[in-house]
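Chemist: Modelling step: build the complete structure from the supplied sequences, incorporating the hints.
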Amino acid sequence: MAKVAFVAHCLLNQNARTAGGARCPGVYSPLVDELRAQGWELAQMPCPELTFTGLNRFWAVREQYDTLAFRRHCRRIAEGVAGAVAAHLERGDEVVLVGVDGSPSMGIRVTSSDPLRGGRPQWPDEATDLAPGRGILIEELLAALDARGAPAPRATGVTYVLPEHDPDTERAAFASFLEAR
Amino acid sequence: MDADERGFRVALVADEFVNPQPGGLDVLAVLAGDDWGAIQLPPAWYPDDVAGPLLDQVAEHVEEFERHDYDLVRVGDRAGLAQALGALGVGAPVAITPQTEDELRAFLAAHATVRSSRPV
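As you go down the protein sequences, you meet chains A and B in turn.
Heads up, this note's numbering is the position in the first sequence plus 236, with the first residue counted as 1.
Heads up, this note's numbering is the position in the second sequence plus 1008, with the first residue counted as 1.
Since the hints were made in silico from the structure, they are not lab data.
Backbone N, C-alpha and C fix where the C-beta goes; we use that ideal spot for every residue, glycine too.
Treat the hints with caution; some may be incorrect.
[Said to hold, decoys possible] Covered stretches of chain B, as calculated for chain A (at least 3 residues, CB under 8 Å): (1) 1018-1027; (2) 1040-1050; (3) 1058-1067.
[As the list claims (entries may be wrong)] If you want the ones that stay clear, here's a sample from chain A, every Cβ over 12 Å from chain B, calculated: (4) Asp-269; (5) Leu-352; (6) Asp-404.
Modeler: Pasting the structure below:
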């Protein structure tokens, strides 16, 4: 039985991040190294924002993405990822999800929210638009797994989007999450 | 805008190089050290109906990076990738199946654009 972590696309490819959001050139090594050290295999999920609004997209909150078209786009991606998760579960693998807290699409515990955001792009204090909740792709993935009768995997989110982010704290919390059963 | 540290370099990487056997070539470590990001290709054992939708997603990502002139290479291969890319009119990136870290590093260096400004 393998241990498989389905990780947000940007953990392996920071080039997919919104302009201004890449924390390193490519692979976000601290958490990849932690996964490797604990014997987890990696399975990279697609980035729904990259393939919907592209590389030159503006920063956006969850409400701006929560449209019929984006939901449809996320369902298509989620079906593909759910198929892969199910394939691993069928052979007895342990599966976890690793999202990005603060993301409108990939948040696990924290997403971004501002019902009034719109119009000429501007980005006020980012600490004000965080809210408890999941991102849209994560919601659609959990729904797709539920529709297949598959259990919801344990899930956590990296914190590099959050204003209180501290790399050492993030890595320690991530290590504890991976060790827990 | 915050400082953005992206490298503008993306490698499509076969699963066996993302999740190598013990003692195998650690491609992710080389990519990280040389400022490349990775797009993982589905494992070879996935059935076609599982791998197909994931390869379609890989192709859509590649199309967007190519459109913006990011450097693109492929490390290893995956059946069905060429068809998925071809369906979008995207050519297959230059490729290597490396045996050593040095071989991979030389390949990456040969295909990395030295940039004076951000691609558009």
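Chemist: Against each hint, give a clear statement of whether it holds in the structure.
Modeler: Results of checking the hints against the structure:
Coverage of the region 1018-1027 of chain B by chain A holds. Counting CB-CB distances below 8 Å, 3 residues qualify, and the rule asks for three or more. For the region 1040-1050 of chain B, the stated coverage by chain A is satisfied: 8 residues place a CB nearer than 8 Å to a CB of that chain, which reaches the threshold of 3. Counting residues of the region 1058-1067 of chain B whose C-beta sits closer than 8 Å to any C-beta of chain A gives 6, which meets the bar of three, so the coverage hint holds. Not every CB of chain B lies more than 12 Å from the CB of Asp-269 of chain A, the least distance being 9 Å, so the non-interface label is violated.
In this structure Leu-352 of chain A is separated from chain B by more than 12 Å, as the shortest Cβ-Cβ distance comes to about 22 Å. The beta carbon of Asp-404 of chain A is kept farther than 12 Å from every beta carbon of chain B, the shortest such distance being approximately 19 Å.
Checked against the numbered hints listed earlier, the structure breaks hint 4 alone; every other hint is satisfied.
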